Amino acid sequence: MPEKKRRVPKRIAQTVLNSLKGGVVPRIGLPYITVGRKDEVAALLHDVDIIAEGGASFRFIVGRYGSGKSFLLQTIRNYVMDKNFVVVDGDLSPERRLQGTKGQGLATYRELIQNLSTKTRPEGGALTLILDRWINSVQTQVAQETGLNDADPKFEQEVDKKIYAVISNLNELVHGFDFAKLLNMYYHAYMADDDKTKSKVIKWFRGEYTHKTEAKKELGVSVIISDDDWYEYLKLFASFFRQAGYSGLMVMIDELINIFKIPNSISRQYNYEKILTMYNDTLQGKAKYLGIIMAGTPQAVEDRRRGVYSYEALRSRLAEGKFAQDGARDMYAPVIKLEPLTAEEMLVLTEKLADMHAGLYGYERTITDDDLAKFIKIEYARIGADTNITPREIIRDFIELLDIVWQNPKTKIEDLLNSEQFSYAKSEAVSDNKDDDYTEFTI
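All the letters of the sequence shown, read from the start, carry residue numbers 1 to 443 under this note's numbering.
These are computed hints drawn from the structure, not numbers from a lab. If you're wondering where the values come from, they're calculated on a predicted model, not measured in any experiment. Even for Gly, the Cβ is constructed at its ideal location relative to N, Cα and C. Treat the hints with caution; some may be incorrect.
[To be verified] Quick list of in silico lysine-lysine cross-link-like pairs, DSSO-like style, CA-CA up to 27 Å:
1) Lys377 - Lys412
2) Lys374 - Lys38
3) Lys261 - Lys216
4) Lys83 - Lys102
5) Lys261 - Lys286
6) Lys352 - Lys162
7) Lys261 - Lys288
8) Lys38 - Lys21
9) Lys162 - Lys200
10) Lys216 - Lys83
11) Lys288 - Lys216
12) Lys261 - Lys337
13) Lys21 - Lys410
14) Lys200 - Lys102
15) Lys10 - Lys352
16) Lys216 - Lys196
17) Lys102 - Lys216
18) Lys161 - Lys261
19) Lys217 - Lys203
[What the hints assert, rightly or not] Label-pair distances were calculated between CB atoms; the ranges are:
20) Glu53 - Ser168: 17 to 27 Å
21) Glu345 - Pro122: 18 to 28 Å
22) Arg7 - Asn418: 56 to 66 Å
23) Ala143 - Lys21: 28 to 38 Å
24) Arg317 - Ala381: 32 to 42 Å
25) Pro122 - Glu400: 22 to 32 Å
26) Thr277 - Asn149: 42 to 52 Å
27) Arg317 - His188: 25 to 35 Å
28) Lys377 - Ala42: 58 to 68 Å
29) Arg305 - Gly220: 40 to 50 Å
30) Arg7 - Ala381: 25 to 35 Å
31) His188 - Ala151: 14 to 24 Å
32) Gly22 - Arg315: 50 to 60 Å
Taking the hints into account, I'd like the entire structure generated from these sequences.
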């Protein structure tokens, strides 16, 4: 955990505070504000070690709106990139599902590949970088092993052999032959400085060819990544990334509620069937160097009518056993349920944010420890706070408080905290049941 008074660069502080005030999780600066979740993080990092050794894992993170699911995902994302993993992440939406008949599954794949990130390219779009780095590393390795330089005709032959060795290992996997063919095509285009062909291959890897005839005409391959098989290509990428010098691939998918919201029951079942396939692959050893984390609300997962548990094959695998209880959770179970952050943890977080805010705007922190304690006490005393209040709501209120006091020097913190409007306002946290009024249609 970073030191309490550690100076935060202004660019990062601005991003963190703006993101949190807007109710979203920042992509940078998380180590400065991370509190709690030690058990959850430890369990997920245990998975990371298994993946790096050639295994695979699948986890669900379950928590209410604003409880910290996305925050935990981003924390793990940053950690695994530091451990030399490639990460793809994305949110499901009405247009992005795991399975669909109108390109919704492929849209999810495209989102994931667009967000493909590494430690040196954490903002996404790292596919070309990885491919070029792979070829460069093979060339360097050949030069070291043989003493040849790139002007020697034998040098390219030796590089070809090593490239072929990596590619041939992929042929055993589903769609591996075509995947390897495209990798080989990219390699030769790289060697020939053929940027046009490189761009076409990248376009294919990104799933941007919509017709087989177009791919056949431009690349000479008669297959394209589709709604039905996009997950198979993630498994191929995981194996390839490992051979390209990375530890593995971590896939993070948020907003499972958007599957719950699908009005057609058969369409929902197809999506849950895709989850079952991914789950079985990771636990049965059919995938290597691959980790999958999905996040959703309790309703999105546990609802027996529309949630993940409405698919009996998943419910029987994921439901808690007889011995799980509050205070004695199995953190190695496939479903990790987020417990609310304690008032003490939220107090630590508000102190970090107060220091960050003061550093960003260049003033001595005026809000005292007593003020912080009073703020937390008032938040947790709200009507319904025991069931509804979330870190997102508390953080939003707190940053607003800091902004108002900073922009209005005559305003006193104690006056704001003592106002009736703040002290006992009803919690605005959104109930997980807000989607209960969806009408179900079947065909």
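Agreement of Lys10 and Lys352 with the hint, judged by alpha carbon distance not exceeding 27 Å:
holds, 14 Å
Are the Cα positions of Lys38 and Lys21 separated by 27 Å at most?
Status holds; Cα separation ~24 Å.
Arg7 versus Ala381 beta-carbon gap, inside 25 to 35 Å or not
About 34 Å separates the Cβ atoms of Arg7 and Ala381, which means 25 to 35 Å holds.
Quick one: are Gly22 and Arg315 within 50 to 60 Å, going by C-beta?
violated, 36 Å
Starting from Lys216, check that the Cα of Lys196 is at most 27 Å away, please.
holds, 16 Å
Proposed proximity, Lys200 with Lys162 (alpha carbon, max 27 Å):
Measuring from Cα to Cα gives roughly 23 Å; hence the hint holds.
With the threshold set at 27 Å, check whether the alpha-carbon distance from Lys261 to Lys216 stays at or below it.
violated, 37 Å
Is Lys161 within 27 Å of Lys261, Cα to Cα?
violated, 50 Å
Does the Cβ pair Pro122, Glu400 satisfy 22 to 32 Å?
Holds, since Pro122 and Glu400 (Cβ atoms, about 29 Å apart) stay within the stated range.
For Ala143 and Lys21, compare the CB-CB distance with the range 28 to 38 Å and indicate the outcome.
With Cβ atoms ~52 Å apart, the hint is violated.
Pairwise hint evaluation, Lys216 against Lys102, where the allowed Cα distance is 27 Å at most
holds, 22 Å
Take the C-alpha atoms of Lys261 and Lys286, compute the straight-line distance between them, and say whether it is at most 27 Å.
Distance ~30 Å between Lys261 and Lys286 Cα, so the pair is violated.
In the structure shown, a violation is registered for the earlier hints numbered 3, 4, 5, 6, 7, 10, 11, 18, 22, 23, 27, 28, 32, in ascending order.
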